[in-house]
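A.B. asks: Chain order of the listed sequences is A and B.
For the first sequence, the working numbering assigns the number 621 to the initial residue and increments by one for each residue that follows.
For the second sequence, the working numbering assigns the number 13 to the initial residue and increments by one for each residue that follows.
If you are wondering where the hints come from, they were derived from the structure by calculation, not from laboratory data.
Just so we're clear, the structure is a prediction, and the values are computed from it rather than from any experiment.
A portion of the hints provided could be inaccurate.
[Claimed, not checked] Here are some chain A residues the structure puts well away from chain B; computed CB gaps all over 10 Å: (1) I627; (2) V670; (3) G676; (4) L677; (5) V715; (6) V773; (7) V777; (8) V782; (9) M890; (10) I893; (11) L898.
[Stated by the list, open to error] Here are the simulated lysine-lysine pairs, DSS-like style, with alpha carbons at most 25 Å apart: (12) A/K779 with B/K140; (13) B/K169 with B/K83; (14) A/K708 with B/K83; (15) B/K91 with B/K21; (16) B/K90 with B/K169; (17) A/K779 with A/K651.
We treat Cβ as the ideally placed atom computed from N, Cα and C, and that holds for glycine.
Here's the letter readout for the chains.
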Amino acid sequence: MNLEFIINTISLGSMYALLALGLVFVYGILKLVNFAYGEYLMIAGYALYVLGTFTGLPWSIVMVAAIFVAAFTSYTTELVAFRPVRTKSMSAMLVTSFAVSVFLQNLVVIFISPRARAVRFPSFFSETVTIAGATVPVRNLLVIATTVVLLAVLTLVMKRTVLGMAMRAAADRFTATRLMGVPANLVISAAFLISGLLAGTVAIFWVSRSASVDPLIGAAPLLIAFIATVMGGMHSLIGAVIGGFVYGLLFNILSITLPASLISYRDAFMFVIVILFLLFRPEGIWRGGYTEERVG
Amino acid sequence: MAPLLTVEKLVASYGAIRAIHGISLEVNEGELVALLGVNGAGKSTTLKSICGVLRPVQGTITFAGEEITNKAPETILKKGIALVPEGREIFGSLTVAENLRLGAFAVYERNQYRRDLEDVFQLFPILKERLGQAGGLLSGGEQQMLAIARGLMSRPKLLMLDEPSLGLSPTLTEQIFGLIASLRERGTTILLVEQNAERALEIVDRAYLLTTGTVEFTGTPEEIKSRVDIASVYFGDEDDPTCEVTV
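In isolation and in its complexed conformation, chain B is listed as follows:
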């Protein structure tokens, strides 16, 4: 069976600055795949290109057998890709209920919506208690849960999570990782971007290791752990001249 998502030789840049230089990756249906790497490796850029927020310079993105390169974000969402963006991007002046309602904007159907809401409350009971509260008043962890819940409300075929553990306490991080694992158990296809590589490798099926805008290595968590020294990827060689800072 063809992969659900295929990214081929993707090149993207912010103005004159090239952020990714030809990334290729695949996500199969039902898989939990991680993009790992340091800041600036091109993880978020890849997600932004897939969901249409950033127009790629080159390369093709195919989703469910259909090319979606250069499509608008709203179109891509309708095709079934939801991004839970970095920094959560909760609508702070809207209530939790309104945030969730907007999550279902493209697929709204009253009865289905009610069922989906109940579903989401099962995963995140806290949101049910906070329904009338402004999104901006939630704690960081609650906002992350709302962001994921909001993403799920569009009934995505592929859920992309950008740094869901960023800025969360270790306890909350654990909770989020547990949640991602349980979403995978339920059959949701997930593309996860994480800085916390060690923890991510414990739950994913496969991972892509990115360095400076290219895929450095790909494989199962075991393969990655046996072949790559994660620490060296994250902290760099001490002899690496590009790491030097001149004042």
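Next comes chain A alone, as it looks inside the complex:
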């Protein structure tokens, strides 16, 4: 194992960990796999495109704005689409999440374009640096740094603030949390906001890889987040982070061990691993966590 492989794996794992975490924040409280999650990332990508191309704002502001656009989108979809059906059946919630997904995709198809758009990034994003003989893209180091900061901040929020406590409690026992006087809408809105914030942050790095955005760009990250949470464990935030890193590690191992003729089937191998997980360890790597009480 060389340093390059290690840094790239940590970098990929970081990105996937943030992705998975964003999905589990909402799942933890609503027990809903939000299939519109990838679209928050997509919307952030388009925010990068629009603000970066037409406004001339400095890139740092464009990026922060894009993250907030994703958070706002996530928050709004909860308010407009999920809240009215929250007390209904689980299927209603699931179908709603698909509807939101399709709606957001078509929004950009209609108002921007069905075709991919080029997104401009500052030049240092695509540069590389040499660390102890290993050549590493600057972007990968940025992902790691961002993840470390975000995980530290989120840990503080969840452990040290009352809202964080309330969110952990709500993931554990939703009704009992309301009996403490915690408004249901408060914790749910907070979960969607954080979920969108994470999707928006990942969007910057995700979009920067191809420097373009298209209406279907959200599908892959959603799938990765979903698979990572299945592997790591859907029932805790720690599980999601572990799942993200494990996904990154397995993916990179497959990338260097598979023969060239099979490399394009990496995803198929990942699915085999997921099936093995579902068969032999359905609760994921990280056991425990909270219960399965539905919100209603």
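Model the placement of chain B on the given structure of chain A, informed by the hints.
C.D. replies: Leaving out everything else, chain B in the frame of chain A:
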């Protein structure tokens, strides 16, 4: 003076299954009142309807002169009703300290909170030793104490306890009953749901006896003991056709 809590002709159901058919009851300030009856009599359902977890089909609930029917649980808690739910519902992954802090969520004020904590530690010294421990790792008795303590942290005008002795050893049950009695001495208004009717009747001011979703009898413990054969309520008439089990 008007009662603190008035429930009038309350009807509630779980989906198509009607659990209570028109229950009326009152709790006065400072009183300790019990709802007694067998499983399925509608005791817990009544509490759930009062605290807003279950939306009643019909009837009105008035608390401190204000109608609270159909309000959300978080709103009702703010009005001053705390439920210590059946099965304790401790947040297992949160520490004891965090459980207590959430109990005070709606009324938090730093100095008041510290005083309330000290107060609660007086009642439950064991919780002070366990502050940093995860709630899920406490024993059953300790969890029940934490659940009651957590309920008290919201400074309720009415504390509702749902089966606080369930699953506890006789010694711990005694301890919990002693505690409920001392809470009453301190002036806390309590609505208690208990299966252990004999023991509950020793400490309450009044009781309502529920059978299959209606109030069968109400009165002071003496009146209930003299007029109703508790055993028959709990074990049913042997001739009662509804008790027959067909295989």
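A.B. asks: For this structure, which hints from the list above don't hold up?
C.D. replies: 8
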